[in-house]
Structures are given as structure tokens and as C-alpha cells.
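**Student:** Here's the letter readout for the chains.
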Amino acid sequence: MADVIEAAETHAEDHGGHGEHESFGIDNRKLGMWLFLSSEFLFFGALITNYMVYGNDTFGATVVPREIYDIPFTSVSSFVLLMSSLTMVLAHHSLATGDQNGTRTWLLATALLGSIFLGGQVFEFYEFINVYGMTLTTNPASSAFFMLTGFHGVHVAIGVIMLMSLFGMSRRQGGLSEGHGMNLELVGLYWHFVDIIWIVIFTIVYLLGAV
Amino acid sequence: MTDEAHHAPHPTTGQYVKIAIVLAVVTAVEVALFYIDEAVDMAGWDGPLLIILSFFKFVVVIGWFMHLRFEKPLLSRFFAGGFILALSLYGIVVGSFLVGLITR
Chain A
1 MADVIEAAET HAEDHGGHGE HESFGIDNRK LGMWLFLSSE FLFFGALITN YMVYGNDTFG
61 ATVVPREIYD IPFTSVSSFV LLMSSLTMVL AHHSLATGDQ NGTRTWLLAT ALLGSIFLGG
121 QVFEFYEFIN VYGMTLTTNP ASSAFFMLTG FHGVHVAIGV IMLMSLFGMS RRQGGLSEGH
181 GMNLELVGLY WHFVDIIWIV IFTIVYLLGA V
Chain B
212 MTDEAHHAPH PTTGQYVKIA IVLAVVTAVE VALFYIDEAV DMAGWDGPLL IILSFFKFVV
272 VIGWFMHLRF EKPLLSRFFA GGFILALSLY GIVVGSFLVG LITR
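These protein sequences, in sequence, are chains A and B.
The first sequence: position 201 = 201 (this note's numbering), numbered continuously.
The second sequence: position 8 = 219 (this note's numbering), numbered continuously.
These are computed hints drawn from the structure, not numbers from a lab.
Hints may contain errors.
[What the hints assert, rightly or not] What the simulated footprint calls covered on chain A by chain B, stretch by stretch (three residues with Cβ under 8 Å from a Cβ of chain B suffice, anywhere in the stretch; the number is not a length): (1) 77–87; (2) 172–182; (3) 191–202.
Beta carbons: idealized from backbone N, C-alpha and C, even for Gly.
Construct all of the structure, not just a fragment, from the sequences and the given hints.
**Tutor:** What follows is the structure, encoded as C-alpha cells:
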């Protein structure tokens, strides 16, 4: 076993001395996150395609998602999520410049903006269900809508939990270490990805409606 | 992406704010296009315009906020690979529905 470890270390040194945590000169965690995000295109692609195909399929029911969208409200939500990408990148930038207080402030701001977005989504779902009577099982169009926006909301919620974890870690330890800096970068990549998926959803689902 | 781009310095705080303002303005233009099309029929031009604007925002967030522009080209290839695969696969699915190859 010791021989294997020694061989691995020698191999790493032969390839630029990056150590066992790097492949192709890129940190394995970062490489893994980019691959994961790349695979997420297929996940959300399936849900977006499902909406594009079934978005007009009312199956006899009178209520159609695209006829009850509140565009001004969703536009504000989109703006909030877009600005959370700015606060996220500022958190990363603050950590890179050694500003631990700034990092905590921007992390908290990002989590707050994400929570506001989620609150807006909960309000939208509440209105659709209780005012318009459109539920997950009303028709294929409503199923496609709730599945797509619901799964995106779950991704945002996971992001908020990760942001708050980093914030709590930073408060407990009096700042994020260099090792935690990579964690922040990975959470940042995830957060921006959630934002770009919303950019697509906002245009295709809300502004363009269905095919 | 060239090595020069890879070694280029990351944007400053001010530049990040400017990028965010551009993204916010593009979002406002998108919403305006939606209402313009409701008031005056744009004869189908709103769709391509909205997709172009959305793609612009998509690229800006990936390139600058996700720093892909400043990363090694390998990451861009991995990411673009997933995107193109998804776009091709689902493009074929939607296209099949549109031309009636798949019936519901």
C-alpha cells in the first residue's frame, strides 16, 4: 500500500508537483463541480423540453399556466436572483482579497436574496393553487410548469442552505481559510448555475410561453 | 480561449457592478419586448430577440461571474459539451413533436 502511495506522489511530482488533488492542472473538486453542472443541463433540459411540449396541453381543463402568469412580479423575482449572482461574486472577490467581514456580508446578502426569490415562488404557487385552482395534477401544462419551476426552487433552497453553512462556518472560525475558499468557489459556481437556468426559464416559460 | 485570456486578471468590484447593471438593463429590455409585443404585434420577431438577449445574459454570467473566461480551456470544453449535448438531444425531441413524428 505504501508503495502505491509513494508511486502516486512521484507521479504527481512528475506532472508539475500539483499533488494528488489535481487532474489536468485543475483542482479535482472544481473539475467535479463543472462536470456536475454540465450534467445538470440534461436534467433541466428534460424539464424545459417537457414544458415546451406540454405547456399548452390543457387536457380539457380551463386554466393554462401562461394565461395566469404575473409578469411584473416574476420580473422582480428574476432581478432579485440576478443581483444575488453579483453579491455571490463579491463574496468570492472579498475572500480573495482577504476581507473576511466583506465575505460574510456578501454571503448573507446572497442567501437573503435567494430567500426572497424563494418567498416569491411560494407566493406564486399559493396564488396559482388557491386563487386559480391550478395544481400539479390539473393538466399536463400545470404538471410541466410545477415540475420545472419546483425543481429549480429546490436547487435555490439547497444553495441557500450551503450559503448559510459557509456563513456559519466563517462566523464560528473567525473567517474562511484557504481550504474553505475552494468551498466558497464551488458554492458560487452552483449558485451562478442556478441563476443561468432561471435566465432560460424566465425567457422560455414566462416571456415566450409554450411552443 | 488563449493562454493570455487564462492569465488575464479577474474583474474588479467596479467591473462586477457594471456587468450586473448591464444584465439588469438587458432583463428590463426583455420585459419591455414582452409588453411591446402585446401592444403591437411584432410578427414573431419578439421570440428570436428574446432568445438572443437571454443567451447574451447566459454567456455573461458564465464567462465573468463563473470566471469560465479566466479558467483553463478544458473546463469550457466540459461545460460546453454538456450544454451542446442537452441542446442537441432536446432540440431533436422538440423538433420531432413539431413535425409530428411523435404523436401525443
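**Student:** Could you run down the list of hints and mark each one as holding or not?
**Tutor:** Okay, the hints, checked on the actual structure:
1. Residues of the segment 77–87 of chain A lying with their CB closer than 8 Å to a CB of chain B number 6, which satisfies the three-residue condition for coverage.
2. Closer than 8 Å: that is the beta-carbon criterion, and the segment 172–182 of chain A has 0 residues meeting it against chain B, so the requirement of 3 is violated.
3. Three residues within the 8 Å Cβ limit are the bar, and the segment 191–202 of chain A against chain B gives 7, so the coverage statement holds.
Of the numbered hints stated above, the single one contradicted by the structure is hint 2.
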